[in-house]
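Chains as they are written, first to last, in this note's numbering: chain C, 9 to 346; chain D, 9 to 346.
Incorrect hints may appear among the rest.
[Said to hold, decoys possible] Which chain D residues face chain C? A few, computed with CB under 7 Å, are given here:
no.: 1; residue: S49
no.: 2; residue: N104
no.: 3; residue: L115
no.: 4; residue: G205
[What the hints assert, rightly or not] Label-pair ranges, simulated between beta-carbon atoms:
no.: 5; chain 1: D; residue 1: S27; chain 2: C; residue 2: A107; range: 37 to 47 Å
no.: 6; chain 1: D; residue 1: D222; chain 2: C; residue 2: G34; range: 27 to 37 Å
no.: 7; chain 1: C; residue 1: P94; chain 2: D; residue 2: E124; range: 50 to 60 Å
no.: 8; chain 1: C; residue 1: S14; chain 2: D; residue 2: G108; range: 31 to 41 Å
no.: 9; chain 1: D; residue 1: A145; chain 2: C; residue 2: G34; range: 35 to 45 Å
no.: 10; chain 1: D; residue 1: P47; chain 2: C; residue 2: T139; range: 26 to 36 Å
no.: 11; chain 1: D; residue 1: D162; chain 2: C; residue 2: G108; range: 23 to 33 Å
no.: 12; chain 1: D; residue 1: D162; chain 2: C; residue 2: R300; range: 19 to 29 Å
Calculated from the structure, these hints are not laboratory results.
Cβ coordinates follow ideal geometry from the N, Cα and C atoms, glycine included.
Number of protein chains: 2
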Amino acid sequence: MIDLSSAAAFDRALASMPSADPAAAGAARARQQQLTKPPGSLGRLEDLAIFLAGWQGRERPSMDTARAVIFAGNHGVAAQGVSAFPAEVTAQMVANFAAGGAAINALTGAIGMRLEVIALDLDRPTRDFTTGPAMDADECQAALMQGAATVTPDTDLLLLGEMGIANSTAAAALCLRSFGGTAAEWSGPGTGLDRHGVSHKSAVIARAIALHGDAPATPFETLRRVGGRELAAIAGAVVAARHAGVPVLLDGFICCSAIAPLAAVAPGIVDHCIAGHCSAEPGHARLLERLRLEPLLRLDMRLGEGSGAAVAAAVLRSALAAHNGMATFAEAGIAGGA
Amino acid sequence: MIDLSSAAAFDRALASMPSADPAAAGAARARQQQLTKPPGSLGRLEDLAIFLAGWQGRERPSMDTARAVIFAGNHGVAAQGVSAFPAEVTAQMVANFAAGGAAINALTGAIGMRLEVIALDLDRPTRDFTTGPAMDADECQAALMQGAATVTPDTDLLLLGEMGIANSTAAAALCLRSFGGTAAEWSGPGTGLDRHGVSHKSAVIARAIALHGDAPATPFETLRRVGGRELAAIAGAVVAARHAGVPVLLDGFICCSAIAPLAAVAPGIVDHCIAGHCSAEPGHARLLERLRLEPLLRLDMRLGEGSGAAVAAAVLRSALAAHNGMATFAEAGIAGGA
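The whole structure should be built from the sequences, with the hints applied where relevant.
What follows is the structure in structure tokens.
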């Protein structure tokens with residue numbers, strides 16, 4: 009397990025990131041050329057299989073031990089009236105996850121993927137970051153490490169998601185501090201704000217960014233000041249997964265925003281990540297562009313809780329079924345192979 | 009079973025098409041509003057569930073009896089050198105389907121969907137349509153009815169696909185005769201032609217269209233003159249499915265081209281159809297626009313044999329898992345429901 013026990017260790021982990029296994033990726037690429045289809049004709053399915061082969065270090069990758077991990081947190085900034093839902097819905101939805109009634113339960117269930125939900129101190133919301141840092145250093149550190157601790161090297165794919173009323177406000181603040189632009193560009197309706205609500209949210213975000221303007225622009229400081237526990241946990245999980253050679257499947261705007269501060273200083277952090285989808289939240293397309301990730305699906309989803317990534321996981325399963333299950337031209341005795 | 013036993017009966021079937029069940033669609037729409045998520049936040053997944061509810065006539069649609077049916081045919085126009093693969097590959101791939109080694113086997117297997125392959129007189133290719141009609145009326149009629157015969161009312165979703173060396177040339181000719189434009193606009197690399205190959209293919213298509221220019225512009229005549237057996241079978245299956253209330257999941261350019269002649273006179277023919285994906289074959293995006301179908305996936309696939317639709321079927325399964333499996337706000341005891 010990579011050491012993430014201090015802000016300096018976190019920086020070091022970002023500065024020396026391992027690569028995929030080129031031999032395994034090459035073997036998978038060669039296999040795709042031999043399968044009974046015109047070369048390249050499975051398009052992105054071929055790329056996905058080769059990507060997973062590289063990160064899993066074997067010609068025929070699997071999703072047998074794939075896991076969805078959903079982090080939940082509560083946000084002090086909810087007091088600013090930035091969400092269409094009251095803050096107690098975070099805990100109610102965590103109970104719904106436990107009872108098996110949420111979208112992510114149904115979606116992971118449909119593909120037989122394990123689901124774990126990690127609620128991070130829901131009774132202790134972060135502080136309202138329009139008046140000070142959301143977390144102190146110990147709190148942020150603990151959340152990072154709780155995220156990292158969910159990564160085990162025997163996981164063949166890690167799907168990440170989140171739940172947290174008001175966390176699209178934190179997400180927008182993370183993006184704005186990481187990539188610049190205006191608060192309005194990163195603000196959207198989230199779970200369902202109207203035009204006035206979005207405009208108010210945007211003003212709240214602008215205020216927060218002004219307050220923290222003089223703080224050091226490090227990933228840790230950005231996560232600590234305008235992030236949240238579930239966002240720091242996702243960042244920790246993504247870094248730990250990279251060092252454990254575990255490919256990551258990212259969900260929507262909020263999930264992806266957790267790595268914005270990391271990507272701003274270490275753009276290669278996304279190399280082991282797949283963007284499961286592009287959400288309807290307007291900031292997501294902009295963020296994916298900054299992260300240089302091409303989303304797999306565009307289904308106008310905007311729920312979070314890992315739901316878009318879980319639909320994408322069904323597509324990954326199809327990609328691996330073709331890669332691992334198809335006959336080669338030689339096996340099938342077919343002319344060509346172009 | 010709707011009567012498709014003559015060209016006139018086919019026209020009648022196109023002139024009086026049943027609609028989806030508005031009560032079932034309405035009940036599904038109401039259910040989506042009550043599930044534990046912000047209304048609309050599952051985006052296209054919600055639309056898909058409501059669509060299937062309407063056509064299956066029940067609030068909670070299923071895919072328990074979903075079937076993939078792949079039609080294969082051989083084409084006289086292959087003699088014009090319009091494909092990167094030799095004509096015998098059609099039969100070899102049908103053998104590969106039977107042996108379970110093709111992409112469609114792996115992709116339907118991954119989601120537990122039944123697969124049937126129907127080879128249509130492979131030893132008797134259609135005639136080269138640059139010198140005369142591809143089929144006589146009896147041959148075209150027989151293919152239409154073989155397609156229609158695959159539809160049973162207990163099928164909850166019918167996935168259609170095709171295999172046939174040179175059939176992207178027939179597909180382009182069907183589109184050109186149905187929707188106009190130029191041969192070049194509808195011609196693409198198919199299984200892997202280079203620039204010169206595409207240009208030659210485009211000239212072959214232009215020649216064919218000129219030859220059949222004076223023929224009546226009816227769906228039957230277009231399918232008969234520049235189509236093929238597997239294409240007429242798909243057209244027959246789509247019409248029969250409509251009259252049996254069976255929703256259809258369409259594959260790529262060639263599969264969709266089979267309904268171009270129908271849509272040119274009866275645009276509502278697509279109302280029970282889902283475009284599974286937009287393929288990399290350039291004519292497909294143009295065709296989907298003409299058909300007014302918004303594709304579910306864009307994965308740069310260009311294999312045919314139902315493969316893109318089979319990946320889309322995995323997404324449909326996710327949509328139904330959420331629709332049927334999630335708790336309502338009342339069941340979960342959650343605040344809001346906005």
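Of the numbered hints stated previously, which ones are contradicted by the structure, given in increasing order?
Violated hints (numbers, rising): 4, 6, 8, 9, 12; every other hint is consistent with the structure.
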